[in-house]
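All chains should be built: construct the whole structure from the sequences, respecting the hints.
For the protein sequence lines, the chains are A and B, in the order given. For the first sequence, counting from 1, position 6 maps to 6 in this note's numbering; every step adds exactly one. Take any residue in the second sequence, note its place counting from 1, add 203, and you have its number in this note's numbering.
What the hints contain is simulated information worked out from the structure, not anything from laboratory work. Cβ atoms here follow ideal geometry from the backbone N, Cα and C, with glycine treated the same way. Any given hint could be a false lead.
[To be verified] Lysine-lysine pairs mimicking DSSO-like chemistry, simulated, CA-CA at most 30 Å apart:
#, chain 1, residue 1, chain 2, residue 2
1, B, 275, A, 90
2, B, 275, A, 64
3, B, 227, A, 109
4, B, 227, A, 16
[Said to hold, decoys possible] Reference excerpt, derived from the structure (chain A facing chain B, CB under 7 Å, subset only):
#, residue
5, 114
6, 185
7, 189
[Claimed, not checked] Derived contacts from chain A toward chain B, CB cut-off under 7 Å, selection only:
#, residue
8, 49
9, 116
10, 178
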Amino acid sequence: MVEEKRDAMFSLEALKGGNRSEFARLVEANYQLIYRLAFKILGNQQDAEDALQETFIKAFRYLKDFDGRSSISTWLYRIATNEALMILRKHKVDMVSVDEPLAEGEEEKEPLQIVDWCCMPEEELMSSEAKQTLDRAIERLPVSLRLVFVLRDIQGLSTRETGEVLDLSDTAVKTRLSRARLRLREDLSGYFGDRMIALQGKV
Amino acid sequence: MEHEECRHLLGELSEYIDGTLEAKLCAEIERHLLECERCRVVVDTLHKTVYLVQSTASEVQVPQEVRQRLFKRLDLDDFVQK
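Structure (structure tokens):
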């Protein structure tokens, strides 16, 4: 497991004893992951930076209580996710509860966009406009779906690790991931469908 | 078009493309895909969606000044690896 290998790089004893040089190494090894997580959940640089700083301030304060039941990076993800949620709460963004069961607005939606855009050229699929469309679609996801999606598909955590970070069952993680992906597919299909028509018009 | 069956299988497609779905359900989906063009498109575009997300995921870079401010805020300036 990647996470465990990463943990083996650090002396837990030194970290828990408040060793600053060891803590600096922990920050160095994880700050990019935490920033990316916060950026994808919050959607802007300023909030992501605030969450990043708060995460490591709290981590340093509470490391002595870290019980080692999860990997350190999972533990950092937990802190970071909570910080991001607090920032969203401050902005009063559609604050649904992250706990099970699924809240309203997160139900499964039937696919409406049936366009096969898979064979579009790579430069279309990866254009900056396509990426912006994707980013906006991620921002539009309800928070509880977005958290699961970012941890699983962007950060690459396993179902179990995602469940540990968010205190969710495997089933809840899978259900939310499925719903998030279907919504993104729907949004991307709308965009690429239009692009296909535009490109055909040029031929 | 067997709408009822499409709806019934929709929630399983995400695990299907991850390759983590149990064999019995996989077989059921594959049987359905043979006769349902609509669901074939949904599966293919869902797959591509996940691929696009994952292949652009690492593109978020941390601005250099964000890293510097982080180490300063944590009072770790002395340990910054140049």
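Outcome of the hint check:
1. A distance of roughly 25 Å separates the Cα atoms of residue 275 of chain B and residue 90 of chain A; the hinted pair therefore holds under the 30 Å criterion.
2. Distance restraint check for residue 275 of chain B and residue 64 of chain A: the Cα-Cα separation of roughly 22 Å lies within the 30 Å cut-off, and the hinted pair is therefore satisfied.
3. The hinted pair formed by residue 227 of chain B and residue 109 of chain A meets the criterion: a straight-line CA distance of about 24 Å does not exceed 30 Å.
4. Annotation: proposed proximity of residue 227 of chain B to residue 16 of chain A is violated, straight-line Cα distance about 48 Å (limit 30 Å).
5. Given the 7 Å rule on beta carbons, the hint for residue 114 of chain A holds: about 5 Å separates it from the nearest Cβ of chain B.
6. A cut of 7 Å between beta carbons decides the hint on residue 185 of chain A: the least distance to chain B is about 4 Å, and the hint holds.
7. A hinted interface residue such as residue 189 of chain A counts as satisfied when its beta carbon comes closer than 7 Å to some beta carbon of chain B; here the least separation is about 6 Å, so the hint holds.
8. With 7 Å as the threshold, the beta carbon of residue 49 of chain A comes within range of chain B, its nearest partner Cβ sitting at about 5 Å, so the hint holds.
9. The beta carbon of residue 116 of chain A is positioned within 7 Å of a beta carbon in chain B (closest approach about 5 Å), and the interface hint is therefore held.
10. Restraint check, residue 178 of chain A versus chain B: the minimum CB separation of about 4 Å is within 7 Å; hint holds.
Figure legend: structure checked against the earlier numbered hints; the only hint not met is number 4.
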